[in-house]
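Q: Based on the provided sequences and hints, a complete structural model is requested.
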Amino acid sequence: MDSSSSAAARVVRARFLAPSATGLAAAGVVLPSTPFELPAALNREGLARVANHLIAAAAEVAGTEAEHLQQEWDVLCAGRLVRSSLERHLRAAGESALEDVIELALIRPVAPAASSSARRAPDWVRGVGCASGLALSACMDGALVLHAIEGDVVRAVDDGRVSSSGLEGSGSAASSAVLSARPIAAWVGHAGPAQVAVMETGPALPATHSAVAVTGGKDGVARLWRLRASASGPAARGSSAAAQFAEPCALLAGHATTVTAAAWGRGLGSVATGDWSGEVCLWDASAASEPGWASDDSKDDAEADPASKARGAKRARRTSAAEPAAVDPAARMPAHTGAVGGVTWASSSSLVTGGWDRTIKIWDPEHTGMGGDGHAAIIDCFKACTGVASAAAAGSGSDCFASSHTDGAVRIWDARAAGGDRGSALRGHSGWASAVAWRPGSSHHLASAGHDGRVALWDTRAPSQPLHWAIQHDGKCLSVAWDSPSVLCSGGSDRRVRSVCFPQ
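At position 136 of the sequence shown the residue is numbered 136 (the UniProt record's numbering), and the sequence of numbers has no breaks.
Any given hint could turn out to be false.
[Stated by the list, open to error] Within a straight-line C-alpha distance of at most 30 Å, the following computed DSBU-like cross-link-like pairs (lysine-lysine) qualify:
no.: 1; residue 1: Lys476; residue 2: Lys218
no.: 2; residue 1: Lys383; residue 2: Lys218
no.: 3; residue 1: Lys383; residue 2: Lys476
[As the list claims (entries may be wrong)] DEER-style ranges, computed between Cβ atoms:
no.: 4; residue 1: Arg266; residue 2: Gly63; range: 44 to 54 Å
no.: 5; residue 1: Ser33; residue 2: Ser286; range: 21 to 31 Å
no.: 6; residue 1: Val188; residue 2: Pro503; range: 35 to 45 Å
Just so you know, the hints here were simulated from the structure itself, not pulled from any lab data. Quick caveat, the model's predicted, so the values are computed rather than measured. Just so it is clear, CB atoms sit at the ideal spot from N, CA and C, and this is done for glycine as well.
A: Okay, here's the thing in structure tokens:
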């Protein structure tokens, strides 16, 4: 028998596992625990067919309909998703695995819905943030645009009026939303291009509001906003319609250059921001959470000279509700010798920053102080870092974080082993990887945006290629954010905010 015939005839002993997320156990379907022989040449599709055959047999025994339980399963073996023949997969894991009984865990595949949606923006969308069914876009003309998200599409409504402009879609599910697409609110948020929009929600937020947002711009100012999904009431005389949906609650004036990155801390009590000069500032966001507090300097003075606000302790007094609070940094760190590409909280006591100086740093904010360094680890990432995202900040129990880079790669790091470890690389973008966002509640799934106009969905257990190309822009894709595990949004140079749904 020649070698090719031998390889084709080779078998492995295996058994399938059905974790609770598959829903099989809840349906009373129990897969056999006795190992059986499988051809080593089977790939993912072949393994899924075998699994579905076993599910049908077990469902018949349980007296359950099998059709709704059968899927095009992903298969996890030796810690990685099978993306080749089983034999090649096992050889990569170690030759000894071929001689053992292998366990094949079934995983529900993550796939976007066939439909997607897009909304017009007044200019390039440099940043996008999502939370509680809202999507906030930061545009290069200084505008902030707020949309509402409903199901697998973004529903944008303004005073009940319906318009066919501003939304594009494909597929019947998205086309039903085209007729009702308009922004909830749009307003000028920054004196120059708006660069950053990051949203969050939590129990500390008043019941009258849906989410909070921090935005940053070329004016060197970051602003905190409290957002509503519906109008708070009729607009007051002399106020804009946007004021019913977006309430300014703090002015973070401490940067001397463009604010390039921002992240909310847990519990909405803190914010971290980074700028073009490489400086990172930490802010006590809770001190400015009540509308109507402001520093002794006027709002106009703060906007005209944001660098002057970095000096001195916080001074607050009661002012009119329309005047937001001005807050000085609680700490300042000269984090990088180039622009800050991204900031994220790896835990309540660990801040990760990535810079254009080709380094990623992990900080202990408790030991930074004004002007101190306080970094616990430095990672040489070899290419300029354009963004960072933490699995822990997305609500999973993982210690991993991801970074996006100008060589098109997304790199995965373990915060516990950071230092000498270069991390694993996810390669798929043909241009810069411009942003990265971890899927809420998942230890393995994340999305990345690229200058090739595409948004990739990744599983860290299958690093060789994206699970899906989820969104396509007509120009550079510059930002990406999750509203929930099922809704992903992105913004780009085509002046569009696009969204796609991942059915649960």
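Q: Are the hints correct? Go through all of them and say.
A: Against the structure, the hints come out as follows:
Straight-line distance between C-alpha atoms of Lys476 and Lys218 comes to about 20 Å, which keeps the hinted pair within the 30 Å bound. Under the criterion of a C-alpha separation no larger than 30 Å, the hint pairing Lys383 with Lys218 is consistent with the structure, at around 24 Å. Under the criterion of a C-alpha separation no larger than 30 Å, the hint pairing Lys383 with Lys476 is consistent with the structure, at around 19 Å. In this structure the supplied range 44 to 54 Å holds for Arg266 paired with Gly63, their Cβ-Cβ distance being about 47 Å.
At about 52 Å, the beta-carbon gap between Ser33 and Ser286 misses the expected band of 21 to 31 Å. A beta carbon spacing of about 37 Å between Val188 and Pro503 agrees with the range 35 to 45 Å that was offered as a hint.
The structure fails hint 5 only (numbered hints given earlier).
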